[in-house]
Amino acid sequence: MADVKRVYTFGNKAAEGNGKMRELLGGKGANLAEMNLIGIPVPPGFTITTDVCTEYYAHGKDKVIELLRPEVERAVKHIEELTNMRFGDKTMPLLVSVRSGARASMPGMMDTILNLGMNDTAVEAVAQRTGNPRFAWDSYRRFVQMYGDVVLGMKPQTKEDHDPFEVLIEEQKAKRGVKQDTELTTDDLKELVAAFKAAVRKQTGEEFPADPWDQLWGAVCAVFGSWMNERAILYRKLNNIPAEWGTAVSVQAMVFGNMGNNSATGVAFSRDAATGENIFNGEYLINAQGEDVVAGIRTPQQITVEGSKRWAKAQNISEEERRAKYPSLEEVMPAVYKELDEIQHHLEKYFTDMQDIEFTIQDGKLWMLQCRNGKRTGAAMVKIAMDMLREGLIDEKTAVLRCEPAKLDELLHPVFDKTAIKHAEVIVKGLPASPGAATGPVVFFADDAEKVLAQTGQKAVLVRIETSPEDLKGMLDAAGILTARGGMTSHAAVVARGMGKCCVSGAGELKIDYKARTIEVNGYTIKEGDWISLNGSTGEVYLGQVATRDADLSGDFGMLMELAGKYSVLKVRANADSPKDAQQAFAFGAEGIGLCRTEHMFFEGDRIKAVREMILADDEAGRRVALAKLLPIQRGDFEGLFKVMNGYPVTVRLLDPPLHEFVPHFEKEQRELAEEMGVPYEKIVAKVEALSEVNPMLGHRGCRLGNTYPEITEMQTRAIIEAAMNVRAAGTPVHVEIMVPLVGNHKELRYQKNIIDRTAEEVFAERNDKIEYMVGTMIEVPRAAVTANQIAEVAQFFSFGTNDLTQMTLGFSRDDIAKFLPIYLEKGILKNDPFQILDRNGVGQLIREAVFKGRSTRPQLKCGICGEHGGEPSSVEFCHYAGLNYVSCSPFRVPIARLAAAHAALCEK
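Residue 1 is where the sequence shown starts when you use our numbering, and the numbers rise one by one after that.
Careful: at least some of the hints might be erroneous.
[Stated by the list, open to error] Between beta-carbon pairs, the in silico distance windows are: (1) Val685 - Arg767: 40 to 50 Å; (2) Lys5 - Gln845: 32 to 42 Å; (3) Tyr524 - Gly131: 56 to 66 Å; (4) Gly60 - Gly828: 11 to 21 Å.
[As the list claims (entries may be wrong)] With a Cα cut of at most 20 Å, we get these calculated PhoX-like pairs of lysine-lysine: (5) Lys197 - Lys179; (6) Lys580 - Lys473; (7) Lys237 - Lys827; (8) Lys819 - Lys511; (9) Lys418 - Lys407; (10) Lys609 - Lys629; (11) Lys179 - Lys202; (12) Lys580 - Lys511; (13) Lys365 - Lys515; (14) Lys237 - Lys429; (15) Lys527 - Lys429; (16) Lys13 - Lys365.
The set of hints was computed from the structure by calculation and includes no laboratory data. Computed from a prediction, not measured in an experiment: that's the story for all the values here. The C-beta atom is built at its ideal place from N, Cα and C for all residues, glycine as well.
Input sequences plus hints: build the corresponding full structure.
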């Protein structure tokens, strides 16, 4: 362990590390090294590697300090030599900053400490050396405050409490009758330092540490400790950053933006991170240190004249007032601004990406403290990539890889107005199940959503404890869906994503009373008709109406999709059950329908009545009468899909869910059904009871229905084949694929294929014509995967239904996993929700095995995936590597899957 290099120095245009060492030095440490190597003015310092963070959690604080001490002492000497100061010296004390820096940018998630090395002796030396005692005591005050917070745990006791240090500052300002921190005198600051130390002594029972080395080790270990703070853990979960990566720690000589009116600090972006506009922008503060800019205590000013004028216009501030009170850095320090502008251009050109930079101006000299590739919105991401491609800064492949597939979601759905959202009142937070923004009056039942839309033209927000297939029409007519139960792959979430509908699911704090038609949550009572707003991108629910705006799909988006199509190998289809869904998917570039769920068609209009007649029939003859009513309806549906897809493949899945899903389960609805159908209420009750199953997911459904009731398969096959022949006769090409669900045994598929082929031949004979069609199966039972060589003797294609395949392989119920999933994720038993991100080692191996065995029997076997994983980027990547021909996903996830497919192909090359 002792001979491992743990510390890398940088300074004076030299560095032991470089920009390619992100994994070891973190993003900040690697970029600080690289900036030195390209001649950017950076305060000297050193970086402690991410490996030490792992050692910290494995061996503890004392062991890590023992391992680090020799290298850190040498690195501090390196800074001393370059600055002509000494750490802990009484006359020329070196002060340093201590900052975190993981390999993936995590802005604001971990801790920073400035002015470390300050004590009662150092503050006097700094005051004497600079001739600026106020600056010295302000720096001391800031250090005690930051160190007290980060290292000594001086935080608010409860969420209602204020920061203990800020309380003391406010008291001091009130005592002096001033409003700004900058108006406090040297004596005021001396009193504050004493008050801060007294507060530390009172809360911790110990004196504030005066020895600089004790301070340094405390700070370094606190930064490692902040890797596991709540906000960092949450941020990593949201951004799929592994906990084992750890953070590096960068220690730098301090430069001071709070030395007076010739000093400043700021944050800037080489392009607009919100819109992608190619304009240098950012904020700065005179006589301040870094945290002041982001803390919001003082109003920061704009860096450029243009930015300042735009800001003033938005704030209704006149040009005269702007120039007098809020001038830009470009106006206040034109020479420094010119240097900063040149540096940001240099950095962007060098790193070939939009840069987020932090800087300090000390007594008129510019110092760069950090640069990194800047975080940006989905819209900005696409615009910046396409602009840089046009500018010749990057090539096509880089432009594609520069765009994160998941962030495209932001471009595809309505979004809340940025100004309105700042003032919105959050009443509860659930899971961000389907992105977008929705606002409308609350309704509790699907038919009421339909009524509200029909009567007022206004879409409502459908609030349910949980949704079922019967709610489909109401969900379609709703602005958004809010549920108390269910996860990211619950019925509400899956269907909402398919519709491109905003949905927040699993908001467990909601107490929904269907009878009273009210919601009780966190002290709020919301009645039917009251307005709420849903943020499907964050899971937040707001009280009242919040203004929304349509997402802006610019020409850059289309250009990106063209490039994705150029470089991808994997095709992308859509899961679509209606011509409207198919049209949307086609517009997004889907190359076919990979899953049409015929059961979803049964809930529209009067169709459900015919389905129920079929279910309630006493014999085959009665079922055939009811099915004859469904035939023209199904045929019409399929004609619509075939027309829209215009020759692209359309995969129609035969009836899959158990029949009990189509009958009512409450007495009121059962009595209404009995009256409507002219049968005794008792018959309805008896039939519902007969259909009930202990475990319906593994019950009488899928191909089992078609094999016990062949007339269902016959009707659906006839509808599909007749529709295809009608559309082709009208001049539109068709590509028909009939998919048999839930096959576990090749004999099940043979029975179904025989029915399909016999029915198709009957239609061909009636019409004296033929069309080509394929028969395949949905691989969702593990046995089907491991016997794929037998199944491929019958099936012409495989489509992996990874929702059910995941349930059966892992033994997890998709509807009940929410009870233990958070604990499993926290304990590291699972890395991800397996219903969101494909389980490569389990489910993935079954897919690989099935593809291999299937193609050993039928070499040209077409294989695809049609579960929710088909639109998740890392799962799409797996499908590419597994040799699948296509993925199929919700229409609004098609662009995401297309970009992910291009990423997979480019990364493989």
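Comparing the hints with the structure gives:
Restraint check, Val685 to Arg767: a C-beta distance of roughly 44 Å satisfies the suggested window 40 to 50 Å. At roughly 39 Å, the beta-carbon separation of Lys5 and Gln845 lies within the given 32 to 42 Å, and the hint holds. Between Tyr524 and Gly131 the beta carbon distance is about 58 Å. The supplied range of 56 to 66 Å therefore holds. For the hinted restraint 11 to 21 Å between Gly60 and Gly828, the CB-CB distance of approximately 20 Å keeps it satisfied.
For the suggested pair Lys197 and Lys179, the alpha carbons sit about 23 Å apart, so the restraint of at most 20 Å is broken. About 14 Å separates the Cα atoms of Lys580 and Lys473, which keeps this hinted pair within 20 Å; it holds. Note on Lys237 and Lys827: the hinted pairing holds, with a Cα-Cα distance of about 13 Å set against a maximum of 20 Å. Between Lys819 and Lys511 the CA atoms are separated by roughly 18 Å; this keeps the pair inside 20 Å, and the hint holds.
With a C-alpha separation of about 18 Å, the suggested pair Lys418 and Lys407 falls inside the 20 Å cut-off, and the hint holds. With a C-alpha separation of about 10 Å, the suggested pair Lys609 and Lys629 falls inside the 20 Å cut-off, and the hint holds. Straight-line distance between C-alpha atoms of Lys179 and Lys202 comes to about 27 Å, which puts the hinted pair past the 20 Å bound. A C-alpha spacing of about 35 Å is found between Lys580 and Lys511, which places the hinted pair above 20 Å, so the restraint is violated.
Taken as a hint, the Lys365 and Lys515 pair is broken in the structure, with Cα atoms around 70 Å apart against an allowance of 20 Å. For the hint pairing Lys237 with Lys429, the CA-to-CA distance comes to about 17 Å; that is within 20 Å, so the pair holds. For the proposed pair Lys527 and Lys429, the alpha carbon gap of about 18 Å is at most 20 Å, so the pair holds. Taking the CA atoms of Lys13 and Lys365, the gap is near 16 Å; set against the 20 Å cutoff, the hint holds.
The structure does not agree with the numbered hints 5, 11, 12, 13 stated previously, though it agrees with the rest.
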